[in-house]
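**Student:** Let the sequences and hints guide you as you build the complete structure.
Just so you know, we're using the numbering used here here: the sequence shown kicks off at 73 and counts up by one.
Derived from the structure by calculation, the hints contain no laboratory data.
A few of these clues could be false.
To be verified - Cβ-Cβ distance ranges computed for the label pairs, FRET-style:
id : residue 1 : residue 2 : range
1  : Pro128    : Pro223    : 17 to 23 Å
2  : Gly264    : Glu177    : 24 to 30 Å
3  : Gln255    : Ala221    : 22 to 28 Å
4  : Asp129    : Ala221    : 20 to 26 Å
5  : His229    : Gly163    : 23 to 29 Å
6  : Pro195    : Asp240    : 44 to 50 Å
7  : Gly241    : Gly163    : 40 to 46 Å
All figures in this text were calculated on a predicted structure; none of them were measured in a lab.
Note that the Cβ used here is the ideal one computed from N, Cα and C, for glycine as well.
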Amino acid sequence: MGNLLGPTRGTQTLLPRSPAMRLLVVPLLLPVLSALPLRGQDAGTPAGWLVRADAPDADAAEVFFVDMPPGWHVTTGPAVLLWSPDSTATGEFRFETETFLFDPEGGQGEFGIMLGGRGLQEPDALCTYFLIREGGEFAVVPVRGRVAASPPEWTSHPAVARFADRPDGDVTVRNVLAVEVSQGDVRFLVNGREVARRPRTDLALDGAFGLRVGRGVNLHVTRLDIRDRG
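**Tutor:** Printed below as a string of structure tokens:
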């Protein structure tokens, strides 16, 4: 299993592995910071994480984000970006997350990976989203400021597991998203299957990494794994 990035080792730097990381990457142990106060903060909002809503005037009471072993649980009203400024990836790496989506209740249930984050609290922020949604679709989204540089191009793919197709009795649907960054190109995978490939030069990829969760989503994230591929 990969580690979160910290001090430099080659093209990236890896945080030392703690005993709790044998099975799962544990929440970051950094000073408590928050760009958006959260409902449930007294219950243990993950230390060191920043939360930024798309709308500057978003209602903080509509966001719930907490440590919940294994991993983290997030329930949104507004769409949010979740990240730690001290967790970054550069060079060649693989970033993977395992997620469990609860009933989207008729919504799109949009969520996924954020990487390449730079100046995320500034008007000219840059990053890239790799997203899936309940319709069995994915999108690779360059982001400028608080919004996509252009409307997301959603593409259907059978690799994306839908809540509507879950086995009888299951209350969640599991998806594993991964991004493999090399010198020349970037592979985007869902549940082990490549769904897209882009030239590295087309996207912001070096920088902070984290999660993107859309409006009205109830999601459990069991792990965030990152491996140096250099």
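**Student:** Compare the structure with each hint and give your call.
**Tutor:** Against the structure, the hints:
no.	hint	result
1	Pro128 x Pro223: 17 to 23 Å	21 Å, holds
2	Gly264 x Glu177: 24 to 30 Å	28 Å, holds
3	Gln255 x Ala221: 22 to 28 Å	23 Å, holds
4	Asp129 x Ala221: 20 to 26 Å	23 Å, holds
5	His229 x Gly163: 23 to 29 Å	28 Å, holds
6	Pro195 x Asp240: 44 to 50 Å	48 Å, holds
7	Gly241 x Gly163: 40 to 46 Å	44 Å, holds
Checked against the numbered hints given earlier, this structure breaks none of them.
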